[in-house]
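Residue strings, one per chain:
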Amino acid sequence: MVDLRLTTPEMAEFVTNGYVRLDEVVPADLCQRMLEEIASGRYSGDIFNGTGQLLSEQWVGLGMQSVLQVPRVRATIESLVGPDPRFDHYAVHVSPAQSLRGQDVHQDAEYDLRRRAFDIQASFFFHDVPAEMGGTLLVPGTHFRRVRESAINRYQNIVGQVQTVCKAGTVIFWHHNLWHSGRGNSTDRVRYMFKVRMNPRVKQEKLWNVTEMPPRELRRCLEKHHAWSGNDSRTEILNRIQMWRFLTGDPTYDCSSWWSRIENER
Amino acid sequence: MQLSVNTIRRDNSARGASVSTRQQVLVLYLSHPALDSRVVAWSFYDGTGKYRREAFGPELEPPYANGIQALEDGWRLIQYPRLENPAPGREYEVGYFQSEFVFEKVLEMSGSAQPADSREIA
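Protein sequence lines correspond, in order, to chains W and X. Under my numbering, the residue at position 171 of the first sequence is numbered 171, and the numbers go up by one with no gaps. Under my numbering, the residue at position 119 of the second sequence is numbered 119, and the numbers go up by one with no gaps.
These are computed hints drawn from the structure, not numbers from a lab. Warning: the hint list may mix true and false statements.
[Unchecked claim] Part of the chain W face toward chain X, derived, beta carbon under 8 Å:
id: 1; residue: Tyr155
id: 2; residue: Gln156
id: 3; residue: Val159
id: 4; residue: Ala227
id: 5; residue: Trp228
id: 6; residue: Asn231
id: 7; residue: Thr235
id: 8; residue: Glu236
[Stated by the list, open to error] Here are some chain X residues pointing at chain W (derived, C-beta under 10 Å):
id: 9; residue: Gln23
id: 10; residue: Val27
id: 11; residue: His32
id: 12; residue: Ser37
id: 13; residue: Val39
id: 14; residue: Leu60
id: 15; residue: Tyr96
id: 16; residue: Gln98
Even for Gly, the Cβ is constructed at its ideal location relative to N, Cα and C.
Make a model of the complete structure from these sequences and hints.
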């Protein structure tokens, strides 16, 4: 049986960038069903209804339950937050046609002070999202930044920001603290993005398909320099190494000597 | 005498009628706290009313490569970031961009309240 969970290189990318993207993973017929259900109001109402229950207990009989059971989707969720995580909340983000004033960049969870563990927010795109439709914009690598929700709206443009342009059925799984925004939609069509937040119920240690990754490649990934990080680039690497230690259960891991040269004092 | 909101608005309105200049503000976030460092983020605010921002991230390339280029293009530096050490125990935390440089241009307005001269940067 093929293991569909994330591989070690994919997890390392997640640690460095704060998100994992799966292109066209939800089948077309299921995407169409979701769009019809959204349009009919099946997902309107209290977005916190069901908070604290299991993810598998949500949307019984609806298309979204089937979406979450798509093998690659389910395996990716398991890789990041464990099997059948706790449901937090959901939201159907609607960007009307010709709504040019998109969101400013923000972070969702300044109240979440966990240092290594994390929630996942999954963004589902059930229709094609061309550039002019203003798909979710992410700033890779910003998930270690401790800021106050919308205070970062003073940053209108950030070098390295990535706007989602994708085909129907694409899903992005992102760290709950990643900086993001929905952009303006200049098309004549409504843009939908279905977001689900989920909380792990287990320690997030080696939940993925732990495949081999040459140490040099792992180091190259974790030491990636995000253009916006500037003078804090090394501190970002130090944080990634700590997260990798947490995820692998190896408290001695180091890329080179970032931490190990200074830990004799502890 | 206590000023009411309406009084303040009337005062601003009267003052605005005599003002013949408007301010544009450019904020550059540099990779390091030196003015000749690389631009890593930027924001622009326009008091002339000519340029309005529609969404976060409309631009892919910064208007200038570094702060010096902004000076060379006529922007006046009005805020220079202080150097501050992180609080003890928080040396490994990252947060807001630290190297925030604020520039301005003051534009003379023509009689029709249009900027007599400006450069589109956003």
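Hints, one by one, checked against the model:
The criterion of a C-beta within 8 Å of any C-beta in chain X is met by Tyr155/W, whose closest approach is roughly 5 Å, and the hint holds. With a cut of 8 Å, the hint placing Gln156/W at the interface with chain X holds, because the nearest CB-to-CB distance is about 4 Å. About 5 Å separates the beta-carbon of Val159/W from the nearest beta-carbon of chain X, less than 8 Å, and the hint is met. For Ala227/W, the interface hint holds, the least distance from its beta-carbon to any beta-carbon of chain X being 6 Å, beneath 8 Å.
Annotation: Trp228/W was flagged as interfacial toward chain X, and the flag holds, the nearest CB pair being 4 Å apart, inside 8 Å. Interface hint at Asn231/W: satisfied, since its Cβ lies 5 Å from the closest Cβ of chain X, which is below the 8 Å cut-off. Residue-level restraint check for Thr235/W holds (minimum Cβ-Cβ distance to chain X is 5 Å; threshold 8 Å). The beta carbon of Glu236/W comes within 6 Å of a beta carbon in chain X, closer than 8 Å, and the hint placing it at the interface holds.
For Gln23/X, the suggested interface contact is broken, since its CB lies about 17 Å from the closest CB of chain W, more than 10 Å. Checking Val27/X against chain W: minimum C-beta separation of about 7 Å stays under 10 Å; hint holds. Because the smallest distance between the Cβ of His32/X and any Cβ of chain W comes to about 5 Å, under 10 Å, the interface hint for this residue holds. The beta carbon of Ser37/X comes within 7 Å of a beta carbon in chain W, closer than 10 Å, and the hint placing it at the interface holds.
Among the interface hints, the one on Val39/X holds; its C-beta lies about 7 Å from the nearest C-beta in chain W, closer than the 10 Å criterion. Below 10 Å, beta-carbon pairs count as interface contacts, and Leu60/X has one with chain W at about 8 Å; its hint therefore holds. The interface hint given for Tyr96/X holds, since its Cβ lies 6 Å from the closest Cβ of chain W, which is under the 10 Å cut-off. Nearest Cβ of chain W to the Cβ of Gln98/X: about 7 Å, under the 10 Å cut. The hint holds.
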